Amino acid sequence: EAQVTQNPRYLITVTGKKLTVTCSQNMNHEYMSWYRQDPGLGLRQIYYSMNVEVTDKGDVPEGYKVSRKEKRNFPLILESPSPNQTSLYFCASSKQSPNEQFFGPGTRLTVL
Amino acid sequence: AQKVTQAQTEISVVEKEDVTLDCVYETRDTTYYLFWYKQPPSGELVFLIRRNSFDEQNEISGRYSWNFQKSTSSFNFTITASQVVDSAVYFCALSEVDSSYKLIFGSGTRLLVRP
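Protein chains in written order, with the numbering used here: chain A, 811 to 922; chain B, 270 to 384.
None of these hints come from the bench; they were simulated from the model.
Possibly wrong hints are sitting among the right ones.
Unchecked claim - Calculated lysine-lysine pairs in the DSS-like style (CA-CA distance at most 25 Å, straight line): (1) Lys371(B) with Lys881(A); (2) Lys371(B) with Lys875(A); (3) Lys339(B) with Lys867(A); (4) Lys879(A) with Lys828(A); (5) Lys879(A) with Lys371(B).
To be verified - Label-pair restraints from in silico Cβ distances: (6) Asp848(A) with Val293(B): 17 to 25 Å; (7) Asp291(B) with Lys867(A): 26 to 34 Å; (8) Gln906(A) with Ala350(B): 29 to 37 Å.
Please read these numbers as outputs of a predicted model, since none were measured by experiment.
No residue lacks a Cβ here, since even glycine has one placed at the ideal position from N, Cα and C.
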């Protein structure tokens, strides 16, 4: 089944404790992206990747890192999480931007 | 700067009513793409449609229809004969060629269809 998977789906952590949210797609898509969803703000892009080893900042990259060492994986790293990073995070992929983006199920992160 | 505005925060209708969700966008690009996504209560994001800036034809898919008007920078979404299963948050989004196809979302419209 073609899909984008994210792990974990739910995470509660404390300020400053490094964490990684994994994202994997099995559709051989070149383009991958991370978004955060906050009430009243819609989805905002954090980082995106046009292909392996090619990443770029979206609208709200501060406090996040990404890497794209393999085509299928695009992990989101929070080196030192803070409470303002409490949010719902979505990973997405598409064959080529600006095609339809397939979204993962979301990761709900709470930083205390 | 690119921007997507969904002025309707929440809409409530009774089943079988028609409802239109508004989307207004701002862009300097001549080539861009517009999208609609649905987010049901379960939380996943479901792609509904993509339209490029050179195609102003309206589109109909079952009970769903989209009206793209470049003159007013709008890409409105109409649900005909709404059903309870249409209850969801709907997002309009813009992607510009000059911004490496970064996807800009509106803030979403929550649609509640009451039985």
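*Starting from Lys371(B), check that the Cα of Lys881(A) is at most 25 Å away, please.*
holds, 19 Å
*Does the Cβ pair Gln906(A), Ala350(B) satisfy 29 to 37 Å?*
holds, 36 Å
*asked:* The hint says 26 to 34 Å between Asp291(B) and Lys867(A); measuring C-beta to C-beta, is that right?
replied: Because 30 Å falls inside the window, the suggested range holds.
*asked:* Just to be careful, I want the Cα atoms of Lys339(B) and Lys867(A) compared with a cutoff of 25 Å; is the pair within it?
replied: violated, 29 Å
*asked:* Lys371(B) and Lys875(A) were given as a pair; does the straight-line alpha-carbon distance stay at or below 25 Å?
replied: Judged against 25 Å, a Cα distance of about 17 Å means the pair holds.
*Pairwise beta carbon distance, Asp848(A) to Val293(B), judged against the given window 17 to 25 Å*: holds, 21 Å
*Holds or violated: Lys879(A) with Lys371(B), Cα cutoff 25 Å?*
holds, 21 Å
*Given the hint that Lys879(A) pairs with Lys828(A), test it: the Cα-Cα distance must not exceed 25 Å.*
holds, 20 Å
The structure is inconsistent with hint 3 alone, although it conforms to all the rest.
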